[in-house]
Amino acid sequence: MWKPEHRRAAARCGLRYPSDLTDAEWALIEPAIPPAKRGGRRREVNVREVLNALFYVLSTGCQWAALPKDLPPKSTAHYYFMLWDWDGTLERIHHALYVATREHEGREASPTAAIIDSQSAKAAQKGAPRSTRKASMRARRSRAASGIFSSIHSASC
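If you read the sequence shown in the numbering used here, its first letter stands for residue 1, the second for the next number, and so on.
Do not rely on the hints blindly, as some may be mistaken.
Cross-link-like lysine to aspartate or glutamate pairs, in silico, DMTMM-like; alpha carbons within 20 Å at most [claimed, not checked]:
| no. | residue 1 | residue 2 |
| --- | --- | --- |
| 1 | Lys-74 | Asp-20 |
| 2 | Lys-37 | Asp-87 |
| 3 | Lys-69 | Asp-20 |
Everything labelled a hint here was simulated from the structure, so no lab data went into it.
In this text, all values refer to a predicted model and were calculated from it rather than measured experimentally.
Given these sequences and hints, build the entire structure.
Take a look at the structure:
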């Protein structure tokens, strides 16, 4: 139930956008961000602003091209999104926030139990991605089984 102390903790007033990082959130995330590559030019982009752009896209569901002008350009935000997805930075960020949230709630960092519903268990047994795809696709007949193939084959002989 939402109590006044919960509302104060969840308040995002004072931020430019509700999806922007607070100073406390940035303090948790910053260690997970890899440093700039050695050699070459210095990193000119503000990484916190890049994360604000990523969170803006994720929270609003807007297209990359619809990012507000006060956030980094769409090409920069998308580049870092793809890079961090590839090198595991997004996983490290998620893990850091997950652990901090669980500890803030007074729980252990890693859960000791999991709940799986019957639908998940059935899908896991059958191999969900393949069985779902097969069920949603129309059955195809081979060319040999169709009448077209046999008529073309006999006409060309």
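How the hints compare with the structure:
Our distance criterion of 20 Å between C-alpha atoms is met by Lys-74 and Asp-20, whose separation comes to about 16 Å. At roughly 13 Å between alpha-carbon atoms, Lys-37 and Asp-87 fall within 20 Å of each other, so this suggested pair holds. Distance restraint check for Lys-69 and Asp-20: the Cα-Cα separation of roughly 15 Å lies within the 20 Å cut-off, and the hinted pair is therefore satisfied.
Going down the numbered hints, you'll see the structure goes against none, and every one checks out.
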